[in-house]
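Kindly produce the complete structure, drawing on both the sequences and the hints.
4 protein chains.
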Amino acid sequence: MLKGIHEECGVFGIYSSGETDVAMQTYVGLYALQHRGQESCGIVVNDSGVFSYYKDLGLVHEVFNKDRLHQLGEGNIAIGHVRYSTTGNSNRSNAQPLVVRHVKGPMAIAHNGNLTNAYELRTEFELKGAIFHSTNDTEVISYAITEQRLVCSSIEEAVANTMKKIKGAYSLVVMSPQKLIAARDPVGFRPLSVGRLGDSYVVASETCAFDSIGAEFIRDVRPGEIIVIDENGMRSIETNLGDKPHLCVFEYVYFARPDSVIEGSSVHHARLKAGEYLWKEHPVEADVVIGVPDSGLDAALGFANASGIPYGVGFIKNRYVGRTFIQPNQTERTNSVKIKLNVIKETVKDKRVVLIDDSIVRGTTSQRIVNLIREAGAKEIHVRISCPPFINPCYFGTDIDSKENLIACRMTIPEICREIGADTLGYLSVESVNKLAENSDCYFCNGCFTGEYPAPVPKEIPKDKFEFKIKKTDR
Amino acid sequence: MLKGIHEECGVFGIYSSGETDVAMQTYVGLYALQHRGQESCGIVVNDSGVFSYYKDLGLVHEVFNKDRLHQLGEGNIAIGHVRYSTTGNSNRSNAQPLVVRHVKGPMAIAHNGNLTNAYELRTEFELKGAIFHSTNDTEVISYAITEQRLVCSSIEEAVANTMKKIKGAYSLVVMSPQKLIAARDPVGFRPLSVGRLGDSYVVASETCAFDSIGAEFIRDVRPGEIIVIDENGMRSIETNLGDKPHLCVFEYVYFARPDSVIEGSSVHHARLKAGEYLWKEHPVEADVVIGVPDSGLDAALGFANASGIPYGVGFIKNRYVGRTFIQPNQTERTNSVKIKLNVIKETVKDKRVVLIDDSIVRGTTSQRIVNLIREAGAKEIHVRISCPPFINPCYFGTDIDSKENLIACRMTIPEICREIGADTLGYLSVESVNKLAENSDCYFCNGCFTGEYPAPVPKEIPKDKFEFKIKKTDR
Amino acid sequence: MLKGIHEECGVFGIYSSGETDVAMQTYVGLYALQHRGQESCGIVVNDSGVFSYYKDLGLVHEVFNKDRLHQLGEGNIAIGHVRYSTTGNSNRSNAQPLVVRHVKGPMAIAHNGNLTNAYELRTEFELKGAIFHSTNDTEVISYAITEQRLVCSSIEEAVANTMKKIKGAYSLVVMSPQKLIAARDPVGFRPLSVGRLGDSYVVASETCAFDSIGAEFIRDVRPGEIIVIDENGMRSIETNLGDKPHLCVFEYVYFARPDSVIEGSSVHHARLKAGEYLWKEHPVEADVVIGVPDSGLDAALGFANASGIPYGVGFIKNRYVGRTFIQPNQTERTNSVKIKLNVIKETVKDKRVVLIDDSIVRGTTSQRIVNLIREAGAKEIHVRISCPPFINPCYFGTDIDSKENLIACRMTIPEICREIGADTLGYLSVESVNKLAENSDCYFCNGCFTGEYPAPVPKEIPKDKFEFKIKKTDR
Amino acid sequence: MLKGIHEECGVFGIYSSGETDVAMQTYVGLYALQHRGQESCGIVVNDSGVFSYYKDLGLVHEVFNKDRLHQLGEGNIAIGHVRYSTTGNSNRSNAQPLVVRHVKGPMAIAHNGNLTNAYELRTEFELKGAIFHSTNDTEVISYAITEQRLVCSSIEEAVANTMKKIKGAYSLVVMSPQKLIAARDPVGFRPLSVGRLGDSYVVASETCAFDSIGAEFIRDVRPGEIIVIDENGMRSIETNLGDKPHLCVFEYVYFARPDSVIEGSSVHHARLKAGEYLWKEHPVEADVVIGVPDSGLDAALGFANASGIPYGVGFIKNRYVGRTFIQPNQTERTNSVKIKLNVIKETVKDKRVVLIDDSIVRGTTSQRIVNLIREAGAKEIHVRISCPPFINPCYFGTDIDSKENLIACRMTIPEICREIGADTLGYLSVESVNKLAENSDCYFCNGCFTGEYPAPVPKEIPKDKFEFKIKKTDR
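Going down the list, the protein sequences come from chains A, B, C and D. Take 4 as the starting number for the first sequence in our numbering and just add one per residue. Take 4 as the starting number for the second sequence in our numbering and just add one per residue. Take 4 as the starting number for the third sequence in our numbering and just add one per residue. Take 4 as the starting number for the fourth sequence in our numbering and just add one per residue.
No lab work stands behind these hints: they were computed from the structure. Careful, some of the hints might be misleading.
Note: identical chains are not told apart, hence a pair may lie in one copy or across any two.
The calculated DSSO-like cross-link candidates involving lysine-lysine, where the alpha carbons are at most 30 Å apart (straight line), are [claimed, not checked]:
| no. | residue 1 | residue 2 |
| --- | --- | --- |
| 1 | 406 | 182 |
| 2 | 182 | 167 |
| 3 | 168 | 182 |
| 4 | 352 | 247 |
None of these values were measured; they are calculated from a predicted model.
Now the structure itself:
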């Protein structure tokens with residue numbers, strides 16, 4: 004709501020040894036992953052090869068009611084997806100999982116990430132007679148797997164061959180009549196973990212989904228690895244395409260839930276560390292440290308702990324947010340941020356305030372927030388941002404505002420400081436960012452800060468090539 | 004509601020010389036075709052190659068509200084579809100028109116009919132790597148056109164080549180970025196007509212759609228003919244596959260609206276003739292002739308006119324029918340037919356009644372209706388049916404109940420008469436049916452009566468091959 | 004849709020000797036009465052003095068789904084209502100039945116009609132401290148009954164005393180914890196009948212509701228009569244206020260369903276008679292007689308039978324009408340009537356046509372219909388209207404357009420004939436109208452034609468006095 | 004969701020000097036008060052004496068969309084309400100504001116609180132002929148004001164007289180054609196404040212509503228005070244019924260938003276103090292202090308600050324809560340609390356944890372939460388509750404679980420400690436609670452802890468007397 008950066012998606016899958024209510028478990032799992040995508044969601048249940056699905060625009064609790072869950076029936080495998088759109092317009096036909104039938108039977112796919120050669124692959128398939136119903140990368144992946152499936156003896160072999168062909172970021176969950184398959188791209192841009200719930204196996208974008216259904220974390224899927232779960236249990240296929248993970252740094256800074264653990268490191272802990280490093284890099288004398296809810300709060304606590312400056316609660320965020328909230332027109336008197344975020348004056352009045360946020364995108368929201376604190380009587384406002392300025396596009400599944408809109412592309416840090424009305428402004432350095440995942444063998448994709456990406460980036464894509472305009476529904 | 008036979012679909016298309024509200028015209032046209040399919044509907048608008056669409060389960064006035072029509076925007080071409088399902092489950096993903104993108108750009112297809120070689124074609128395409136999102140024939144047709152489009156210089160050539168490949172019944176409307184194309188199968192099983200509205204051209208399953216938007220009928224599309232409408236106006240491509248039309252006789256007897264004209268013959272007139280022939284074949288002494296609403300009314304009037312027996316209004320049908328009406332459980336006292344259909348006792352009390360209906364499927368509804376009239380005091384009840392008994396399956400787009408359920412497969416006419424409680428029972432002969440389209444060069448497909456079809460019928464199809472169970476929404 | 008006159012409401016009540024699904028029976032009964040009001044509806048179920056209810060804007064099958072009916076639970080008494088608004092705005096708070104609690108317990112009331120002294124009574128009660136939630140007459144009646152209930156030993160006595168106080172038209176159904184009460188105003192403006200279903204008693208505005216649930220008609224409630232149904236069965240209380248019924252003539256001509264029987268006379272038969280009298284009063288040489296659906300059809304058949312001119316089907320009405328249908332903007336080419344009503348050209352082409360309708364309100368619809376037939380090739384068009392011109396307001400529950408809009412207030416009959424484009428025009432005379440209910444002891448309120456009413460009419464009412472504007476919901 | 008205690012309502016009113024979008028301002032204000040009631044809401048707009056309203060079950064952003072706000076139109080006065088039900092069932096007819104018409108014109112009322120003599124008053128009015136549509140206290144208040152209005156020269160005088168008659172807790176907003184009136188009961192159980200926005204005056208249950216629309220806080224309405232706002236501005240009427248405020252202590256502890264200021268004291272500050280006092284009363288040696296979101300967080304920070312034990316983030320609460328979320332059935336493995344609340348293991352593993360919550364109702368939720376932390380590896384768990392045990396009913400608008408369910412009525416503190424699985428358990432003392440509103444002249448109603456109430460409490464009320472069962476809608 005308040006940000007200009009967005010995650011693409013969350014994926015979930017479950018394989019149960021018997022017929023159970025896998026639809027309900029997927030529902031609960033998707034609910035825990037809701038923060039990764041609020042635009043649409045879907046669940047596919049596999050009952051001995053018969054696939055039942057439902058997907059639509061809306062939050063998990065809006066799209067699924069008791070009747071709809073019930074209609075999905077029982078089964079022993081299910082996959083689910085929550086989506087925020089990057090490639091492909093926001094409409095019902097882009098909702099995932101994608102359910103298709105090829106010559107070997109039905110297949111369902113849920114995908115988090117962004118392919119960098121989707122355009123080339125799409126054209127290649129079209130020249131062989133393919134037709135596309137959506138503008139999703141997922142449909143491209145479906146064709147790639149299908150093509151391989153015709154010449155491979157198993158779905159997992161088809162997925163393995165497909166991974167040689169598709170480039171970019173992907174954390175995939177694929178369901179065939181007999182198997183649940185999870186695959187992560189060779190760079191490991193997006194998280195993907197495996198867990199266990201009794202005799203069942205579970206895969207999910209984040210470990211918080213395991214906690215919600217009472218499952219136990221086993222391990223992360225490795226970059227370039229394929230996990231196959233079937234009646235013989237779980238086994239791993241190494242494509243040898245992968246290397247050390249280079250996770251999108253925003254997963255730690257912004258996207259993931261603090262209670263998730265990625266590549267062995269707690270997201271909450273990483274954010275505490277971000278606050279600690281911010282203090283080391285940009286110390287300041289102050290009376291209170293406050294964070295912008297929700298993702299700035301942990302770093303604020305880390306900053307407070309490291310600095311000895313008291314931690315305070317500076318804002319209350321209105322929790323009754325709904326997609327249907329009507330924004331009043333702006334007038335000189337109103338500040339739309341106030342509707343979502345109110346200052347606790349008590350905390351900041353007559354104080355020197357350190358204000359921690361996770362990013363500055365266009366600058367307008369930061370300006371409004373600084374202004375709110377100023378109006379509430381703060382004497383000084385020292386803004387600290389728990390990541391470096393981002394100045395480059397992301398090709399791997401994060402939807403950052405266009406370059407013209409990024410304030411850091413247009414201004415120096417002192418200029419930004421002036422623009423947003425702060426007394427001082429400090430960004431976390433790239434060096435510190437690289438140390439966030441403590442005690443982990445995890446590297447980061449820092450491309451949006453540095454322009455250096457851990458995988459080839461595409462030449463300019465004729466974006467409109469993909470589009471056939473599809474209207475949003477008004478639901 | 005009261006019948007066990009159903010039409011598959013209705014199609015509509017409009018090509019305007021300028022940007023106009025083609026969405027609204029399609030909306031009104033589909034509303035006029037609503038009787039051909041009440042399960043789902045959709046509209047696609049083409050604005051200089053940008054396709055906007057919306058489709059969902061529901062009646063035309065339920066699916067489209069002002070916002071949704073508005074969101075479709077203006078354009079110069081549009082196509083629409085209303086659907087009742089035969090092949091393919093009842094769900095949103097089977098709603099038409101189908102909108103896809105192939106290598107030459109977007110394409111939208113609306114289809115009325117049933118292919119007899121869909122299974123073979125589907126397998127053929129799957130073996131080349133095709134994936135299917137639905138269980139529609141329309142998706143098979145899309146692949147066929149796309150395959151041809153790769154080697155043909157125009158969409159119309161691709162459609163022409165596709166017509167050599169697909170078998171069975173089809174009245175198609177295809178939209179490319181520049182063109183509106185209408186095509187009818189070589190046998191002409193389903194109706195398809197062309198009209199004009201000022202500078203615009205219109206195609207529709209029935210002429211009543213032209214009347215509703217104020218368009219003028221030009222002519223029927225001929226069996227095997229392709230009509231192409233683009234900036235150069237309208238032209239015809241003859242595939243030379245076609246012959247004299249062999250229209251599904253149920254179009255006259257039951258499906259089409261009486262105000263439509265098909266192959267030069269008024270549907271209302273054909274039904275009057277059916278009544279007239281019924282009288283000639285099965286005369287009876289009686290006091291009043293009544294019809295079962297709505298499709299039996301015209302034949303009843305024809306019977307009355309021919310016989311001199313007074314025409315009467317025997318039933319009132321409750322018009323506030325909705326898909327969401329809750330059927331009460333049957334008890335010995337209730338008769339579910341009563342909720343929809345009430346007898347006007349005045350008309351039948353102490354009378355010898357001739358009761359005209361268009362068909363007897365399972366016999367249970369006929370039995371209930373006869374019973375209603377008997378309870379209302381009729382002295383004699385002489386049932387006359389305006390078509391022959393049907394005892395064979397339809398492969399060309401009519402959804403008739405399965406053979407086990409067809410009363411005429413299990414009983415002789417005297418047995419049926421006894422079963423439904425009538426005093427006498429007479430069916431129209433095949434000979435008379437063949438004369439219904441007076442002054443027209445139209446022949447009929449009488450396969451459901453005679454077992455002789457005007458085109459090859461498929462061997463037994465493994466129906467479940469196509470299915471991946473998809474749940475109905477509860478809307 | 005096509006008319007400017009509307010009925011106010013329909014009422015239904017059932018008393019069962021045991022706990023049964025009275026909600027479902029009321030649902031089916033209201034569905035049969037839906038033609039009397041399509042704006043809102045409601046059902047109240049009485050389970051041993053606990054009243055459960057649900058009401059909302061919409062048709063019966065829209066407002067009630069399985070869950071809602073189920074939530075109403077079982078009971079032994081229920082009442083229901085369908086409403087079109089006359090007094091009181093169109094909104095949810097005016098939906099009936101009204102459910103209130105007074106000092107003796109809960110009470111529910113459903114009302115069809117219009118009080119002529121509502122304003123005076125309202126003011127009288129307000130001066131005693133009453134507050135009003137709605138602009139319904141029904142709320143006024145509730146106060147009147149409640150006031151009496153404080154001094155009477157029974158609810159029926161309170162209703163009897165109330166009937167001395169309230170003036171105008173009312174057919175009431177009242178439910179107390181123990182009793183179902185039906186009451187009809189002393190003039191009998193609106194119909195109200197009693198029936199039996201096994202051990203249960205049923206009351207309804209029209210007998211077609213009895214047929215729909217399999218109940219048997221007993222008799223009409225007499226003007227000024229109160230029917231009480233409780234554990235001792237059914238009994239009658241005569242207030243001695245009533246006389247011979249003076250039914251609103253529009254009940255026969257337009258509102259009631261043809262399959263209903265009112266005051267011993269079939270509605271269908273009355274309409275056939277109207278056609279017969281029309282022929283006698285305004286004979287004409289012609290080739291075919293057609294009626295405007297639905298209410299003109301019976302009179303057309305009566306005209307045809309009497310005259311010997313063949314009866315024809317001139318129009319097809321689109322049955323998929325929904326409140327949500329979007330009217331396209333009028334252009335010179337379009338004729339909005341065409342969307343709902345299409346001519347069967349075959350029937351009228353080159354013919355001299357007698358066109359029967361039940362009324363002419365503003366004249367615009369008649370003009371369009373005549374024009375449709377003219378365009379379809381009719382040689383002559385002779386319009387016959389099955390009631391006299393109406394030129395006076397109705398104070399008793401029929402919503403006629405305002406006087407300025409009534410064409411008969413502005414023009415002579417020859418002028419109207421010219422205006423609507425007919426060759427000749429004939430209205431039924433008041434004398435003939437008075438003979439419509441053959442073999443019945445029923446008189447008519449003809450006030451809208453003659454200005455002579457069977458009960459005092461109010462002085463001008465300051466209409467806005469009642470209003471507090473309440474917005475329509477957009478459902 | 005996780006608690007068994009509920010606030011009743013929130014009220015809002017605005018008086019503008021000119022015609023403005025008072026509907027939108029009320030919408031934003033109610034959105035800020037949403038935490039006070041999530042069951043239903045409503046807005047009434049006054050345009051020169053014409054009242055337009057809409058209300059329904061649902062959250063503010065669910066009930067009001069753009070169309071509905073637009074339909075309310077412009078006006079110069081508006082009031083609004085959010086509701087959680089205590090007296091009166093959960094249904095649409097109990098939604099507020101109540102809009103009625105009495106002899107002097109329309110009146111709208113929004114009410115927060117609970118009358119203790121509602122039953123007597125209701126009976127008194129019923130004996131004078133009153134009818135009730137709902138089971139709301141608000142309807143009783145309407146009758147009381149109306150009765151006075153008949154003999155008083157102004158609405159404010161009528162309200163003043165009414166305040167002598169009604170007993171219990173109430174913060175009222177009343178709108179007449181010309182005036183906006185706010186009134187608070189003589190004890191001041193519930194908060195009510197006045198603010199200013201340019202030339203407009205605003206009243207609201209909490210000051211956070213002022214912040215959301217950019218209004219400025221003026222002062223609290225005093226106990227027993229009436230505020231009248233009309234074209235002459237704002238003036239105060241002192242009924243002399245009131246005394247020092249005795250605010251419901253739960254407003255500080257649980258209900259109110261931390262960013263609100265009540266009786267001069269910041270809610271956030273009061274909660275920090277609660278934590279501080281908890282430390283003083285129940286010190287413990289520990290490694291981390293965590294709070295249960297959301298209302299335990301502030302007290303946890305206060306405890307941490309006072310004790311020097313580090314503050315930690317122990318839980319993540321899933322924010323995508325919706326009324327429609329489907330609870331899975333409990334199994335031995337699942338813990339429904341996990342779906343809403345997940346532990347950050349990092350924070351508690353191998354630590355001695357102080358866990359702060361605001362209350363223990365039944366004990367089951369506390370037990371589950373303690374268990375979650377134990378499973379996450381906490382060595383010791385010391386539960387501290389920021390209010391005393393409650394063991395008495397509330398008669399003034401807080402909906403506490405029934406006495407049988409209150410764990411503190413059944414067990415001693417050591418027993419509760421054992422039951423919930425904590426190592427130690429400490430409740431805040433009543434003495435400390437009384438000091439929460441620092442520097443304020445505010446006293447508290449502590450009846451639920453002490454059994455001593457600042458106003459008379461009613462004898463046992465025959466609860467069912469009021470009820471006529473009204474079914475919930477399934478929306």
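Margin query: Hint compliance check: list the failing hint numbers for this structure, sorted ascending.
Written below: Violated hint (a single one): 1; every other hint is consistent with the structure.
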